[in-house]
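S.K.: One letter stands for each residue in the lines below.
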Amino acid sequence: MLKWMLVFVPIAIALEYLAPQSHLLIFVAAAIAILPLAAWLGRATEQLADRSGEGVGGLLNATFGNAAELIIALAALRAGLHDVVKATIVGSIVGNILLVLGAAMLAGGMRHQEQRFNESAGRAQATMLTLAAIALVIPAAYAALVGEINPGGGKTLSISISLVLLAVYAAFLLFSLWTHADSFRGVDATENVAHSDPWPLGQAIAVLAAATVAIAWLSEILVGAIEPTAHELGLSNIFVGVFIVAILGNAAEHATAITAALKNRMDLSLSIAIGSSVQVALFVAPLLVLASLVVGPHPMDLLFGKGLVLAVLLAVLITGQVAGDGRSNWLKGVQLLAVYLILGLAFFLIPQV
Amino acid sequence: MLKWMLVFVPIAIALEYLAPQSHLLIFVAAAIAILPLAAWLGRATEQLADRSGEGVGGLLNATFGNAAELIIALAALRAGLHDVVKATIVGSIVGNILLVLGAAMLAGGMRHQEQRFNESAGRAQATMLTLAAIALVIPAAYAALVGEINPGGGKTLSISISLVLLAVYAAFLLFSLWTHADSFRGVDATENVAHSDPWPLGQAIAVLAAATVAIAWLSEILVGAIEPTAHELGLSNIFVGVFIVAILGNAAEHATAITAALKNRMDLSLSIAIGSSVQVALFVAPLLVLASLVVGPHPMDLLFGKGLVLAVLLAVLITGQVAGDGRSNWLKGVQLLAVYLILGLAFFLIPQV
Amino acid sequence: MLKWMLVFVPIAIALEYLAPQSHLLIFVAAAIAILPLAAWLGRATEQLADRSGEGVGGLLNATFGNAAELIIALAALRAGLHDVVKATIVGSIVGNILLVLGAAMLAGGMRHQEQRFNESAGRAQATMLTLAAIALVIPAAYAALVGEINPGGGKTLSISISLVLLAVYAAFLLFSLWTHADSFRGVDATENVAHSDPWPLGQAIAVLAAATVAIAWLSEILVGAIEPTAHELGLSNIFVGVFIVAILGNAAEHATAITAALKNRMDLSLSIAIGSSVQVALFVAPLLVLASLVVGPHPMDLLFGKGLVLAVLLAVLITGQVAGDGRSNWLKGVQLLAVYLILGLAFFLIPQV
Numbered sequence: 001m002l003k004w005m006l007v008f009v010p011i012a013i014a015l016e017y018l019a020p021q022s023h024l025l026i027f028v029a030a031a032i033a034i035l036p037l038a039a040w041l042g043r044a045t046e047q048l049a050d051r052s053g054e055g056v057g058g059l060l061n062a063t064f065g066n067a068a069e070l071i072i073a074l075a076a077l078r079a080g081l082h083d084v085v086k087a088t089i090v091g092s093i094v095g096n097i098l099l100v101l102g103a104a105m106l107a108g109g110m111r112h113q114e115q116r117f118n119e120s121a122g123r124a125q126a127t128m129l130t131l132a133a134i135a136l137v138i139p140a141a142y143a144a145l146v147g148e149i150n151p152g153g154g155k156t157l158s159i160s161i162s163l164v165l166l167a168v169y170a171a172f173l174l175f176s177l178w179t180h181a182d183s184f185r186g187v188d189a190t191e192n193v194a195h196s197d198p199w200p201l202g203q204a205i206a207v208l209a210a211a212t213v214a215i216a217w218l219s220e221i222l223v224g225a226i227e228p229t230a231h232e233l234g235l236s237n238i239f240v241g242v243f244i245v246a247i248l249g250n251a252a253e254h255a256t257a258i259t260a261a262l263k264n265r266m267d268l269s270l271s272i273a274i275g276s277s278v279q280v281a282l283f284v285a286p287l288l289v290l291a292s293l294v295v296g297p298h299p300m301d302l303l304f305g306k307g308l309v310l311a312v313l314l315a316v317l318i319t320g321q322v323a324g325d326g327r328s329n330w331l332k333g334v335q336l337l338a339v340y341l342i343l344g345l346a347f348f349l350i351p352q353v
Numbered sequence: 001m002l003k004w005m006l007v008f009v010p011i012a013i014a015l016e017y018l019a020p021q022s023h024l025l026i027f028v029a030a031a032i033a034i035l036p037l038a039a040w041l042g043r044a045t046e047q048l049a050d051r052s053g054e055g056v057g058g059l060l061n062a063t064f065g066n067a068a069e070l071i072i073a074l075a076a077l078r079a080g081l082h083d084v085v086k087a088t089i090v091g092s093i094v095g096n097i098l099l100v101l102g103a104a105m106l107a108g109g110m111r112h113q114e115q116r117f118n119e120s121a122g123r124a125q126a127t128m129l130t131l132a133a134i135a136l137v138i139p140a141a142y143a144a145l146v147g148e149i150n151p152g153g154g155k156t157l158s159i160s161i162s163l164v165l166l167a168v169y170a171a172f173l174l175f176s177l178w179t180h181a182d183s184f185r186g187v188d189a190t191e192n193v194a195h196s197d198p199w200p201l202g203q204a205i206a207v208l209a210a211a212t213v214a215i216a217w218l219s220e221i222l223v224g225a226i227e228p229t230a231h232e233l234g235l236s237n238i239f240v241g242v243f244i245v246a247i248l249g250n251a252a253e254h255a256t257a258i259t260a261a262l263k264n265r266m267d268l269s270l271s272i273a274i275g276s277s278v279q280v281a282l283f284v285a286p287l288l289v290l291a292s293l294v295v296g297p298h299p300m301d302l303l304f305g306k307g308l309v310l311a312v313l314l315a316v317l318i319t320g321q322v323a324g325d326g327r328s329n330w331l332k333g334v335q336l337l338a339v340y341l342i343l344g345l346a347f348f349l350i351p352q353v
Numbered sequence: 001m002l003k004w005m006l007v008f009v010p011i012a013i014a015l016e017y018l019a020p021q022s023h024l025l026i027f028v029a030a031a032i033a034i035l036p037l038a039a040w041l042g043r044a045t046e047q048l049a050d051r052s053g054e055g056v057g058g059l060l061n062a063t064f065g066n067a068a069e070l071i072i073a074l075a076a077l078r079a080g081l082h083d084v085v086k087a088t089i090v091g092s093i094v095g096n097i098l099l100v101l102g103a104a105m106l107a108g109g110m111r112h113q114e115q116r117f118n119e120s121a122g123r124a125q126a127t128m129l130t131l132a133a134i135a136l137v138i139p140a141a142y143a144a145l146v147g148e149i150n151p152g153g154g155k156t157l158s159i160s161i162s163l164v165l166l167a168v169y170a171a172f173l174l175f176s177l178w179t180h181a182d183s184f185r186g187v188d189a190t191e192n193v194a195h196s197d198p199w200p201l202g203q204a205i206a207v208l209a210a211a212t213v214a215i216a217w218l219s220e221i222l223v224g225a226i227e228p229t230a231h232e233l234g235l236s237n238i239f240v241g242v243f244i245v246a247i248l249g250n251a252a253e254h255a256t257a258i259t260a261a262l263k264n265r266m267d268l269s270l271s272i273a274i275g276s277s278v279q280v281a282l283f284v285a286p287l288l289v290l291a292s293l294v295v296g297p298h299p300m301d302l303l304f305g306k307g308l309v310l311a312v313l314l315a316v317l318i319t320g321q322v323a324g325d326g327r328s329n330w331l332k333g334v335q336l337l338a339v340y341l342i343l344g345l346a347f348f349l350i351p352q353v
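Residue numbers (the UniProt record's numbering), protein chains in the order written: chain F, 1 to 353; chain L, 1 to 353; chain X, 1 to 353.
Next up, chain F with everything else stripped away, as it sits in the complex:
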């Protein structure tokens, strides 16, 4: 089944170059083409995760999952589309913790009565997200309270906070991969066996790399097609950025996190979903702010719109409650998905400007 969907990879590419005005067709073809690639990426990642322990495996997965997003965002940055970049960042943070984690907890919870995950790792990641939310709230509050009398302050603040976030992210990697790698290792790591025959290490890495590159290429085609398609459908750019791009950009994480949850490997699932949000918030976003100093027509700041900041704040709030006790069940999945749905409705009803 999945293999057949790979046929849409050349179709999407062909349409992009032969019929560049067929936005809707390109959009659908690229979206379908991404799914099997995401599945392959998931399998390759799981092969590597089996070798390296849950924590590192999850981190690997999040890195490769977000590589595509980073490439897309850099392209948008070059075009000066800061609003699209910011909407995609927020959509990725919110989508990973509400949609991906919610779907994983629901799927896993329908097969297992109660699933356990490493409580300390869950808490550390939830605190990281709180830190990220604070880093978005402060520039917005600064702009609202003193931005008018000191416009230059906001730019300095954005760059300074970006450097702080990158330093904290480096500390987080040091913590989870080195000084406290043991406590980050999942509770279920030893209980599971690989679901299929182990691949040679070279094959796993090759598949992972190839799938990542192909997703990246298709994602750019997809993003290019989304805006005109959305315009025809009467949707706002912010809704498109936050929800449509994010769902597709996170398809890889999505597939792997659900597969892991179904196999009762909640630690892998959690570190993919929350870890991916953490990486976007504390690594991709500040990196883009700094990159914008040399790339693109003008620098991008960390000043996100009030609606975007609120979405992150509310998503982080409920994630802290859900991920804090090391237990998962299907109701938690429903709760996360409900928040995602409510946010989606509100953004969907933003009128097209």
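Just so you know, these hints were derived from the structure itself, not from any lab. Fair warning: there could be bad hints in the mix.
Claimed, not checked - Pair ranges (Cβ atoms, derived): (1) X:L145 <-> F:E148: 20 to 28 Å; (2) F:L163 <-> X:K306: 55 to 63 Å; (3) L:A210 <-> F:E114: 38 to 46 Å; (4) F:L145 <-> L:R51: 56 to 64 Å.
Where a beta carbon is used, it is the ideal one built from N, C-alpha and C, also for glycine.
Take the given structure of chain F and dock chains L and X to it, following the hints.
M.R.: Structure of chains L and X alone, referenced to chain F:
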């Protein structure tokens, strides 16, 4: 003592029809008359709870306790008094978690050094409340940020969110009564014996039904008397709705939750207090929004005033901290009551318009 | 080394009286002079803590640490400098939980893989801070929503909330020192021995008192020098109040909390850091509001600026996550310090008015 207070039931009804202008007298008579009825309701509920386990017993209690509020709110809806309905909804949510749970924890904690309750159930309910708070924040934020350029969007958003909340509430019932009924059963369920001779099942149901109907009737009399009384006393409608109506409307839950806490049945106490808030927020409120499409002069939305939304948000914030670790002591009761008192002071000082 | 720094005590005092215009010199001298005094205060407190158990010891420490701040604030109140008082209160709350606790967790975590502390005590104190944050949010919200149509309401609200906070603080002392003193005692209390030869009780008290008085005197000199110094350096009063005064005013807590953390006495460390914030928020702040009714040119209210309220709210939010599970590691320290740094950057960039 309580039996004697039943004499105020006919007095309140007689005053309502014979001296309809004696608002203060009607108010006091109805308020006193409700107390013994609430006590009977509590006893009947406990009889049923002894038979059916803590979780279901608490749910039964919350259902019967909120039936009165639903009837009152529908009457106010028919009269087009949306502000009163919204104030009562918020007052009920806030009152149950701050006043009822606070008083129960304080009373229970003065008799017992430390009380335990089912941590998972407490967390699941606290997360439900967070979801409810988010469902109130989003429409308010939508109205503030894009309401002016798209007024129709707010109405669509209210109806959509109401449907999401009802679906989540249905999922919550499925979870707590069926798929995870075991984990919702209280830690103290087997340690306690009934406090009095068991009643026949028929008697318990009959008392419960009769008390519910009588409370409902008296509550309507009471509500009719409150506004003119409040006007004479110089209080704002919002204070009356949030605090006075809520305290009386939740008298039944109040009495039962404290009685349960004193008997060291914190699971019952918690499921009454928080469960009642959850039910109002995720069942009564969205039901009223949908009902207003056919009942009353014009539809009601989920757009609550900023002060009301903030009250819910702060109440939910502190409840999450207090209910998250499965332990209760008298200081937690004092903390919840202090927040209630502070909110009460702020609403009390809102000038009468 | 520390002993030699005591030479700056007479230097600071001499400069204050002989060269009162040398603000920068006075500032530096007083700041250096405070450090050895803080260290002596820490030693004396630890001597007393060894005798009286962690909880009481921490409380003792917080009391003596905040005595200096109370004296400074009263002096500022007499001069009618309400903005400085409020900035110092917020700086003290935020600084103790972010800077002091953050530095203690980082320092302790670099020597110990994982440190444990009493989870119940941590949660009770975090809930106290949430209550304090709510007590600051409500007057600000009241002023924003109905302040214009009822200006007198804000004053009544400030005095009422102050009385509620003092009552809750009294309840907290009753709880932690009497009814639940056992559960507040640290998990590590019996495992540690005094780090040095025990002092006679009289000596410990004498050193503690002398150091407190000297710190108080020097702090006043320091505060007097800060504003003109800051003006020369182009900093805003609010940044000076929230960050510079707070760091120096909390130097005593800072030194003791880090020393305790290094010795793996996290309960003492936590009760100093969070306990000090709790005391400032629930005891010092309301006391100052009530004192301002008789001291100073005009009464002070609890209406803090939006930026200050937000700082407290965000600090409390992340503290609740960090202190909720009874475990500490160096990453948590980094996370708290990062929030402090981000807040500091934002306040630093407030333009001088």
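S.K.: Of the hints stated earlier, which fail here?
M.R.: 2
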